[in-house]
Amino acid sequence: MLTKMLFVCAGNTCRSPMAEVIARELLASRELFGVRVRSAGITAVPGYEANVNAVQAASSAGLDLSQHRSKTLNEDVVSWADVVIVMEEYQINWVSRLGGGEKVFVMGDGVPDPFGCDKQTYDEVFRILHSLISDLLKSVFRDNISEKS
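Here this note's numbering is used: the first residue of the sequence shown is 1, the next is one more, and so on.
By construction, these hints were calculated from the structure, which means they are not laboratory data.
None of these values were measured; they are calculated from a predicted model.
Glycine included, each C-beta is placed from N, C-alpha and C at the ideal position.
One thing to keep in mind: the hints can contain errors.
Claimed, not checked - Okay, derived cross-link-like pairs now, BS3-like style, lysine-lysine, Cα gap no bigger than 25 Å in a straight line:
1. K71 x K4
2. K103 x K138
3. K103 x K71
4. K119 x K4
5. K119 x K71
6. K103 x K4
As the list claims (entries may be wrong) - Computed beta-carbon distance windows for the label pairs:
7. L2 x D76: 32 to 38 Å
8. A61 x K138: 28 to 34 Å
9. A61 x G108: 15 to 21 Å
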């Protein structure tokens, strides 16, 4: 059974941290407490806070990103995960080079990078992530999920 999910984006300050808190909230709401979720970035500088617009987008949905600190994707992080979910097609190659080729896939048709954009763009990316992750969890855990969302 899938017990460890890793979300990956470029810098680990926008998309993957939002995906991480969304997944945690959706898993808890479906009483899937045994699944752990992390995030990392392929070019992340360790220790950076989440982008202020990402924090605000999450906060608007009642989720807290204030304690997030960026983490760099590496072999240990990839090997920890049962599944690695990337935001863009090109990121598959990074994960594959770190030994995760058999467990990596792109979130939907890809999730646009909001870095450098306005709050409305972050809010839209948050909505996209929420919808895609909700669908993902319904698909992966269909035998364990009743409609609670």
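Hint-by-hint comparison with the structure:
Among the hinted pairs, K71 with K4 is consistent with the structure: their alpha-carbon atoms are about 16 Å apart, no more than 25 Å. Taking the CA atoms of K103 and K138, the gap is near 18 Å; set against the 25 Å cutoff, the hint holds. For the proposed pair K103 and K71, the alpha carbon gap of about 20 Å is at most 25 Å, so the pair holds. With a C-alpha separation of about 30 Å, the suggested pair K119 and K4 falls outside the 25 Å cut-off, and the hint is violated.
For the hint linking K119 to K71, the alpha-carbon distance of about 23 Å falls within 25 Å, and the restraint holds. Restraint check for K103 and K4: satisfied, since their Cα atoms lie roughly 11 Å apart, inside the 25 Å limit. As the Cβ distance of L2 to D76 is approximately 19 Å, the hint placing it in 32 to 38 Å is violated. Here the CB-CB span from A61 to K138 is close to 18 Å, at odds with the stated 28 to 34 Å.
The beta-carbon spacing between A61 and G108, approximately 19 Å, falls within the hinted interval of 15 to 21 Å.
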